[in-house]
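Visitor: Each chain is listed here by its residues.
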Amino acid sequence: MADTRKGRKMKHIISALVQNKPGVLAHVAGMFAARAFNIDSLAVGRTDDPQMSRMTIVVIGDDKVVEQVRKQLAKIVDVVKIQDFSGKEVIARDLMLICVHLPPEKRSEILALAELFKAEVVDIGQKVVMIEFAGPEEKIEAFIEACRPYGIKNMVRTGTIAMAKFNQANGSESQ
Amino acid sequence: MKEKPSKGASARSSSNLPIKLGSEIIVDTLIEQGVDTMFGYLGGVVLPLFDKLYDAPINFIIPRHEQGGAHMADGYARASGKVGCVVATSGPGACNLTTGIANAMMDSVPMVAITGQVRTSLIGNDAFQEADTTGITRPITKHNMIVKDVKDLQPAIREAFFIAKTGRPGPVLVDIPVDIEVTQCQMTPFNGVDLPGYKPKAKGHHRQISMAAEAINKSEKPVLYVGGGVISANASDELRAFALKANLPVTMTLLGLGAYDQTRPESLDMLGMHGTAYANYAVQECDLMIAVGARFDDRVTGKVKTFAPHAKIIHIDVDPSSISKNISADIPVVGDAKYILTELTKEVQSRARKEWFSKIADWKKRFPLRYDTKSPNIKPQYVIEQIWEATKDRAIIVTGVGQHQMWAGQFYKHTRPRHFITSGGLGTMGFGLPAAIGAQVAKPDALVIDIDGDSSFNMTMGEICTAVQYELPVKVCIINNGCMGMVRQWQQLFYGKRYSKSSLQNPEFAAVAEAFGAVGITVDKKSEVKSAIDKMLKEKRPCVVDFKVEREENVWPMVPAGKSLEEMDGLDIFESMA
Ligand SMILES: Cc1ncc(C[n+]2csc(CCOP(=O)(O)OP(=O)(O)O)c2C)c(N)n1
Ligand SMILES: [Mg+2]
Chain A
206 MADTRKGRKM KHIISALVQN KPGVLAHVAG MFAARAFNID SLAVGRTDDP QMSRMTIVVI
266 GDDKVVEQVR KQLAKIVDVV KIQDFSGKEV IARDLMLICV HLPPEKRSEI LALAELFKAE
326 VVDIGQKVVM IEFAGPEEKI EAFIEACRPY GIKNMVRTGT IAMAKFNQAN GSESQ
Chain B
39 MKEKPSKGAS ARSSSNLPIK LGSEIIVDTL IEQGVDTMFG YLGGVVLPLF DKLYDAPINF
99 IIPRHEQGGA HMADGYARAS GKVGCVVATS GPGACNLTTG IANAMMDSVP MVAITGQVRT
159 SLIGNDAFQE ADTTGITRPI TKHNMIVKDV KDLQPAIREA FFIAKTGRPG PVLVDIPVDI
219 EVTQCQMTPF NGVDLPGYKP KAKGHHRQIS MAAEAINKSE KPVLYVGGGV ISANASDELR
279 AFALKANLPV TMTLLGLGAY DQTRPESLDM LGMHGTAYAN YAVQECDLMI AVGARFDDRV
339 TGKVKTFAPH AKIIHIDVDP SSISKNISAD IPVVGDAKYI LTELTKEVQS RARKEWFSKI
399 ADWKKRFPLR YDTKSPNIKP QYVIEQIWEA TKDRAIIVTG VGQHQMWAGQ FYKHTRPRHF
459 ITSGGLGTMG FGLPAAIGAQ VAKPDALVID IDGDSSFNMT MGEICTAVQY ELPVKVCIIN
519 NGCMGMVRQW QQLFYGKRYS KSSLQNPEFA AVAEAFGAVG ITVDKKSEVK SAIDKMLKEK
579 RPCVVDFKVE REENVWPMVP AGKSLEEMDG LDIFESMA
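Going down the list, the sequences are from chains A and B. Heads up, the first sequence is in the working numbering, so the first residue is 206 and it goes up one at a time. Heads up, the second sequence is in the working numbering, so the first residue is 39 and it goes up one at a time.
Some hints could be false.
Stated by the list, open to error - The list that follows gives simulated cross-link-like pairs (lysine to any residue, SDA-like), each with its CA atoms no further than 25 Å apart:
| no. | chain 1 | residue 1 | chain 2 | residue 2 |
| --- | --- | --- | --- | --- |
| 1 | B | Lys186 | A | Gly235 |
| 2 | A | Lys344 | A | Asp328 |
| 3 | B | Lys363 | B | Tyr377 |
| 4 | B | Lys189 | A | Met236 |
| 5 | A | Lys226 | B | Glu168 |
| 6 | B | Lys283 | B | Arg391 |
| 7 | A | Lys276 | B | Gly205 |
| 8 | A | Lys226 | B | Tyr377 |
| 9 | A | Lys216 | A | Ala238 |
| 10 | B | Lys237 | A | Thr252 |
| 11 | B | Lys363 | A | Val270 |
| 12 | B | Lys363 | A | Met236 |
| 13 | B | Lys186 | A | Gln224 |
| 14 | B | Lys343 | A | Gln277 |
| 15 | A | Lys286 | B | Lys203 |
| 16 | B | Lys573 | B | Glu588 |
| 17 | B | Lys237 | A | Ala231 |
| 18 | B | Lys586 | B | Lys601 |
| 19 | B | Lys568 | B | Asn592 |
| 20 | B | Lys343 | A | Asn243 |
As the list claims (entries may be wrong) - Okay, the calculated bits of chain A under chain B, using three or more residues with CB under 8 Å as the criterion:
| no. | segment |
| --- | --- |
| 21 | 214–228 |
| 22 | 235–246 |
| 23 | 266–273 |
| 24 | 282–288 |
Derived by calculation from the structure, the hints in this document are not laboratory data. Note that the Cβ used here is the ideal one computed from N, Cα and C, for glycine as well.
Isolated chain A, as found in the complex:
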């Protein structure tokens, strides 16, 4: 049957529990490259179980692409469990460090801006301030836009991490 499922391209968050072994990250990253999947971000960290790590992957694509991403991830032997958060309610957070130019005359304005966003000033230099900001993607984007007029010197983001909210049918799917 001709493929009727077009689907819209959008961001999907996929969480993968993987064995904490050398080469797993290379395997996952290599698979994404080899299959021409488009990754927006990839965050990796330890879990409460020292044998396991968790990868949170944000991919851009339509439903069909995300289905393939999920299946191809599941195929990797060291990937133990996959959750696809598409269509689920999630708590998703990014952490960012951003350095903004700090001319003396703008000093109070910029510090007030940080406070308004509940961002934390973590370091201050003579002409620059480093601000830590964690939150959902939209807020991060909004904060970046708010900083832009002052001149962003440098910024770094962890990539999204996410968990499903409790009050819904669970979206977890083991392979």
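Position chain B with the ligands against the provided structure of chain A, taking the given hints into account.
Guide: Relative to the frame of chain A, chain B with the ligands by itself:
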């Protein structure tokens, strides 16, 4: 072997098991996993392992090139259904294996490759003969591992075999640094393998099976589309029972050939780019397509958008990622073909489908595969037809890649599983001879015939010497058109006959064969084809027959890349020959 390894779940506590060197542990664990035959090549970092292989009860075949070794393990696995095992040294040895590993990956062939690696302390230092083998082979293996602690050695080898042969089979590579081979460790009992991230599904979802049965029972114009997965699942008997009970026409992919007896009337033979017109028409008109162990490869579907445009699709496959990858399935069934076909057979009813079958019969009558039988020249199709006539279904046919491969698919009637061995997914020229050697090792009494192309054969012909050394009576029939025929065909059709770099100077293949110690026969007259084949079949030694066939012959029908299946070219040529 001083100590027999414990088989299966052992009651002995591990403390009773001996302490051994890594190299001995490798050999013992291979034997424990059922290995009695291996292919491989020496090198510095595998010397400790080869020292233990010196008196191990393993039939060991040395190829002339590691690529040949990997294809041999592949041919061995396809002919026997067992896991093929190949070993190579680090760096160049491992790199030479890669084509063979990728080939096994694309065609889902169970294989375990063991590679030596430089000492753990040297890894990453650009040491002599160091290559990042696991890095290089990650995308072309089902799984790979590097063993950095001798304690992990036995589990790694066991996992490798388990992963290679279960689920959708594939190659697994274990990279073993030389210091691990010479470190001692206590053996552990084998209690099976349990991997948290790898649970292949054997049984299909029952509701899905019932839905599939219901759709089949309702269908007026079904087509059963069979791929190599049916052969790897050893499900040919179940397939036949299912097709006969439900009364279905059956078409096969190149890798599926042999899964269903092509001499039966309901066989539509091969579909796809060089498939039969009747198979392709049936696919384009069917109202239900039942795909089993097939993956809707682009050589099969042609233009995806217009593939089987009226059909509901049932897709049965052990690999969930194959389902809805190229074509979305209406009824996906994930599981082992053997199990699912058995269950499905219980639920399907027979239907006459007179109209559908008479339409198919009409296509078969109007568009059979044809070639110019009256030509005074040796037509490649004629040679293959004569091989079929002389051997019927007793031969294991192996091929190279190119036109001859397609003709071997079209003009030899494949009747039994594991009797047609060809490089489908990767399309690896040079596969034929070493794979034939592997098949012959697996089936010493079988008649193994490599139908090869002149250019393909050139790539790995040094392996004739391997066949001679081990007294493996493989037969090679070179369909010698003096060029890279398939490439020449594309250049003729799509590049205005500009035959850019598509012909090589060949040696006298018969003389080469003789020099290697095999029998060589040259055939340049049509009248000599039959007698040459008879002579070849009587020969107990490896034998190479060089058939000088007509150069400018093309494979028809042909669906040009990116076109719909019904847009086949060449049918007019068939009609002109009728
Ligand atoms: C290793 C490799 N290199 C290149 C190709 C591309 N290729 C496909 S068919 C073909 C020509 C094969 O010639 P031959 O073996 O003589 O077979 P023929 O088509 O003439 O029957 C080539 C070059 C390939 N499939 N494999
Ligand atoms: Mg040729």
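Visitor: Does each hint hold? Answer for all of them.
Guide: For each hint, the structure was consulted:
no.: 1; hint: Lys186(B) / Gly235(A); verdict: holds, 22 Å
no.: 2; hint: Lys344(A) / Asp328(A); verdict: holds, 21 Å
no.: 3; hint: Lys363(B) / Tyr377(B); verdict: holds, 23 Å
no.: 4; hint: Lys189(B) / Met236(A); verdict: violated, 29 Å
no.: 5; hint: Lys226(A) / Glu168(B); verdict: holds, 21 Å
no.: 6; hint: Lys283(B) / Arg391(B); verdict: holds, 13 Å
no.: 7; hint: Lys276(A) / Gly205(B); verdict: holds, 14 Å
no.: 8; hint: Lys226(A) / Tyr377(B); verdict: violated, 34 Å
no.: 9; hint: Lys216(A) / Ala238(A); verdict: holds, 17 Å
no.: 10; hint: Lys237(B) / Thr252(A); verdict: holds, 22 Å
no.: 11; hint: Lys363(B) / Val270(A); verdict: holds, 9 Å
no.: 12; hint: Lys363(B) / Met236(A); verdict: holds, 15 Å
no.: 13; hint: Lys186(B) / Gln224(A); verdict: holds, 16 Å
no.: 14; hint: Lys343(B) / Gln277(A); verdict: holds, 23 Å
no.: 15; hint: Lys286(A) / Lys203(B); verdict: holds, 22 Å
no.: 16; hint: Lys573(B) / Glu588(B); verdict: holds, 22 Å
no.: 17; hint: Lys237(B) / Ala231(A); verdict: holds, 22 Å
no.: 18; hint: Lys586(B) / Lys601(B); verdict: violated, 33 Å
no.: 19; hint: Lys568(B) / Asn592(B); verdict: holds, 22 Å
no.: 20; hint: Lys343(B) / Asn243(A); verdict: holds, 23 Å
no.: 21; hint: 214–228; verdict: holds (count 4)
no.: 22; hint: 235–246; verdict: holds (count 3)
no.: 23; hint: 266–273; verdict: holds (count 3)
no.: 24; hint: 282–288; verdict: holds (count 5)
Violated hints, listed in ascending order, are 4, 8 and 18; each of the other numbered hints is respected by the structure.
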